[in-house]
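So you can see what is in the structure, the chains are spelled out below.
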Amino acid sequence: MSSDWELLFLSFGPLVWGAVSGTVLLSLASFAIGLVLALGVALLRLSKNRLLSGIARFYISVIRGTPLLVQLFVIFYGMPSIGLVIDPWPSAIIAFSLNVGGYAAEVIRAAILSVPKGQWEAGYTIGMSHGTTLRRLILPQAARVSVPPLSNTFISLVKDSSLASLILVTELFRVAEEIASFSTKFMLVYLEAALIYWVICIVLAGGQGMLEKKLDRYVAT
Amino acid sequence: MSQRDRSPNGGDPLAPVARPDDSVLLAARGIRKSFGDNEVLSSIDLEVRRGEVVVLIGPSGSGKTTVLRSLNGLETPDAGTIDFAGGPALDFARPISKAQRFALRDRSAMVFQQHNLFPHMTVIENVIEGPVRVQRVPKARAIAEASALLDRVGLAEKRDAYPFELSGGQQQRVGIVRALALKPDLLLFDEPTSSLDPELVGEVLSVIKELADEGWTMVVVTHELSFARQAADEVLFMDGGVVVERGAPEQIFTKPKHERTRRFLDRILRPLD
Chain A
1 MSSDWELLFL SFGPLVWGAV SGTVLLSLAS FAIGLVLALG VALLRLSKNR
51 LLSGIARFYI SVIRGTPLLV QLFVIFYGMP SIGLVIDPWP SAIIAFSLNV
101 GGYAAEVIRA AILSVPKGQW EAGYTIGMSH GTTLRRLILP QAARVSVPPL
151 SNTFISLVKD SSLASLILVT ELFRVAEEIA SFSTKFMLVY LEAALIYWVI
201 CIVLAGGQGM LEKKLDRYVA T
Chain B
1 MSQRDRSPNG GDPLAPVARP DDSVLLAARG IRKSFGDNEV LSSIDLEVRR
51 GEVVVLIGPS GSGKTTVLRS LNGLETPDAG TIDFAGGPAL DFARPISKAQ
101 RFALRDRSAM VFQQHNLFPH MTVIENVIEG PVRVQRVPKA RAIAEASALL
151 DRVGLAEKRD AYPFELSGGQ QQRVGIVRAL ALKPDLLLFD EPTSSLDPEL
201 VGEVLSVIKE LADEGWTMVV VTHELSFARQ AADEVLFMDG GVVVERGAPE
251 QIFTKPKHER TRRFLDRILR PLD
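As you go down the protein sequences, you meet chains A and B in turn.
Heads up, the first sequence is in full-length UniProt numbering, so the first residue is 1 and it goes up one at a time.
Heads up, the second sequence is in full-length UniProt numbering, so the first residue is 1 and it goes up one at a time.
Hints were generated in silico from the structure; no laboratory data involved.
Don't take each hint at face value.
Stated by the list, open to error - Listed below are the simulated EDC-like cross-link pairs for lysine to aspartate or glutamate, each with C-alpha atoms no more than 20 Å apart in a straight line:
{"hint": "1", "chain 1": "B", "residue 1": "Lys183", "chain 2": "A", "residue 2": "Glu178"}
{"hint": "2", "chain 1": "A", "residue 1": "Lys214", "chain 2": "B", "residue 2": "Glu165"}
{"hint": "3", "chain 1": "B", "residue 1": "Lys98", "chain 2": "B", "residue 2": "Asp83"}
{"hint": "4", "chain 1": "A", "residue 1": "Lys213", "chain 2": "B", "residue 2": "Asp83"}
{"hint": "5", "chain 1": "A", "residue 1": "Lys214", "chain 2": "B", "residue 2": "Asp83"}
{"hint": "6", "chain 1": "A", "residue 1": "Lys214", "chain 2": "B", "residue 2": "Asp160"}
{"hint": "7", "chain 1": "B", "residue 1": "Lys183", "chain 2": "B", "residue 2": "Asp213"}
{"hint": "8", "chain 1": "A", "residue 1": "Lys117", "chain 2": "B", "residue 2": "Glu75"}
{"hint": "9", "chain 1": "B", "residue 1": "Lys98", "chain 2": "A", "residue 2": "Glu121"}
{"hint": "10", "chain 1": "A", "residue 1": "Lys48", "chain 2": "B", "residue 2": "Glu75"}
{"hint": "11", "chain 1": "B", "residue 1": "Lys257", "chain 2": "B", "residue 2": "Asp233"}
{"hint": "12", "chain 1": "A", "residue 1": "Lys213", "chain 2": "B", "residue 2": "Asp160"}
{"hint": "13", "chain 1": "A", "residue 1": "Lys48", "chain 2": "A", "residue 2": "Asp160"}
To be verified - Some chain B residues well away from chain A (every beta-carbon gap over 12 Å; in silico):
{"hint": "14", "residue": "Gly73"}
{"hint": "15", "residue": "Asn126"}
{"hint": "16", "residue": "Thr254"}
{"hint": "17", "residue": "Glu259"}
Here a beta-carbon is modelled for each residue, glycine too, at the ideal position from N, C-alpha and C.
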């Protein structure tokens with residue numbers, strides 16, 4: 001029993017390091033890039049140009065219609081066969097960003113559509129262009145609406161980032177696997193890893209709550 | 001964007017930018033508009049002189065609001081012309097360019113039925129958004145002018161409140177101030193009191209009446225016939241996408257020439273008969 005406590009203690013440092021330098025970093029980078037991508041895709045999807053909105057539709061359909069693990073493997077293991085070798089970290093960031101881009105695009109699109117048409121018109125009548133109206137009036141209001149669903153996307157991403165262990169990225173789960181197979185204490189180490197994921201997600205949910213409160217200051221509650 | 005100064009009438013913030021001088025400010029001719037198969041405007045002519053208050057009345061679906069929205073470029077007529085003295089002159093037989101649409105919007109400002117204030121901005125931020133972002137007025141000056149306007153409509157102490165913290169009447173008064181802050185030549189009111197509780201209608205109408213008395217040029221779509229009677233220089237009765245009758249308020253309200261006008265007025269003035 002004492003060796004269990006010892007293992008728990010000794011593995012804690014490497015696991016947390018794996019979480020910080022792997023899981024958290026990977027998730028943050030992919031979410032940031034994915035959000036920018038998603039905004040672009042959402043705007044394309046809303047475009048009156050059928051070709052542009054068709055491209056966005058196609059992208060969203062592919063991303064949502066195929067497993068993330070398959071997307072990851074296509075990029076890391078598949079691309080080399082057409083002469084494109086991508087390292088584990090860039091592969092993971094590309095795959096996760098593309099994935100977030102697809103899911104978050106639909107969230108952002110719905111949020112933009114939820115802003116009443118009168119807000120666009122009010123922007124136009126005070127002389128604003130379409131772009132300024134979007135930036136100054138529509139997106140700030142859409143942001144409030146999209147915080148809860150985007151938080152879901154982010155929290156899913158943190159957990160899905162464990163898939164990167166399968167393309168040799170050193171993150172929380174890969175560290176856990178190594179310690180588990182070395183020590184053969186699978187239950188203990190995996191539960192410890194699960195706990196760390198959970199804590200990260202609790203922190204994120206707390207951040208979500210704070211953000212929601214801040215953005216709710218201008219609505220009647 | 002033109003930078004007009006508010007100078008006549010001793011710097012009263014509610015005073016219009018251009019002095020009323022009876023010259024024609026706006027002439028719209030042969031405005032036609034269909035939504036799909038539904039023709040909402042058949043051929044509308046409208047002339048507005050500087051300092052004049054033109055009131056559009058008529059049943060729902062008569063096309064009043066579409067006329068107003070066309071003047072501000074929110075709707076694009078299928079045919080007809082809109083000429084502002086000093087430009088732009090638009091002929092809707094040809095496609096309208098972006099620049100023309102901006103030029104059109106630069107001449108007027110709109111007050112909506114549902115106020116359409118920006119909920120994520122405070123009252124003062126709502127008012128200075130257009131001047132600062134669009135007209136490039138220095139922020140300090142925009143705030144000073146906005147504050148003076150808010151003060152004049154009795155909302156000085158609400159400047160840092162969010163729209164949801166205001167009553168419907170206060171929201172609509174902010175909507176009016178937001179339009180005034182743009183210093184337009186023409187004010188457009190689209191049923192400004194229709195979504196208000198009855199006891200709040202008066203405070204909004206009295207602000208509009210005051211603006212009319214100050215000499216602002218305005219086109220008002222409304223169901224408030226007593227307001228039309230007191231404030232209008234000309235009343236247009238619309239039905240089915242045409243102007244059925246136009247004239248001085250006294251004539252329209254006491255001696256309407258057309259049966260449709262009479263029936264409409266009867267329905268509003270004596271709903272239970």
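Checklist entry - Between Lys214 (chain A) and Glu165 (chain B), does the CA-CA distance stay at or below 20 Å? => result Given pair Lys214 (chain A), Glu165 (chain B) holds - Cα atoms ~16 Å apart, limit 20 Å.
Next on the checklist: Against the 20 Å threshold, does the CA-CA distance of Lys117 (chain A) and Glu75 (chain B) hold or violate the hint?
Outcome noted: Holds, because 14 Å separates the two Cα atoms, which is no more than 20 Å.
Next on the checklist: Confirm or reject: Thr254 (chain B) is not an interface residue toward chain A, with every Cβ-Cβ distance exceeding 12 Å.
Outcome noted: At about 35 Å from chain A, Thr254 (chain B) clears the 12 Å cut-off, so the statement holds.
Checklist entry - Taking 20 Å as the top limit, are the C-alpha atoms of Lys183 (chain B) and Asp213 (chain B) close enough? => result It holds: about 17 Å lies between the C-alpha atoms, which stays within 20 Å.
Checklist entry - Given the proposed pairing of Lys48 (chain A) with Glu75 (chain B), does the C-alpha separation stay at or below 20 Å? => result Given pair Lys48 (chain A), Glu75 (chain B) holds - Cα atoms ~17 Å apart, limit 20 Å.
Item to check | Verdict on Gly73 (chain B) as a residue remote from chain A, using beta-carbon distances over 12 Å | outcome: Given a closest Cβ separation of 7 Å, the condition is violated.
Next on the checklist: For a C-alpha distance cap of 20 Å, please report whether Lys48 (chain A) and Asp160 (chain A) respect it.
Outcome noted: It is violated: about 34 Å lies between the C-alpha atoms, which goes past 20 Å.
Checklist entry - Is the straight-line distance between the alpha-carbon of Lys214 (chain A) and that of Asp83 (chain B) 20 Å or less? => result Between Lys214 (chain A) and Asp83 (chain B) the Cα gap is close to 47 Å, so the pair fails against 20 Å, i.e. violated.
Item to check | Pair hint Lys98 (chain B) and Glu121 (chain A), alpha-carbon separation not exceeding 20 Å | outcome: holds (15 Å)
Next on the checklist: Hinted pair, alpha-carbon criterion (20 Å max): Lys98 (chain B), Asp83 (chain B). Please report holds or violated.
Outcome noted: OK: Lys98 (chain B) and Asp83 (chain B) at ~16 Å, within 20 Å.
Next on the checklist: So if I understand the rule, the pair passes when the alpha-carbon distance is 20 Å or less; does Lys257 (chain B) with Asp233 (chain B) pass?
Outcome noted: holds (18 Å)
Checklist entry - Hey, Lys183 (chain B) versus Glu178 (chain A), does the alpha-carbon distance stay inside 20 Å? => result violated (70 Å)
Consistency with the previously given hints fails for numbers 1, 4, 5, 13, 14, 15, ordered from lowest to highest.
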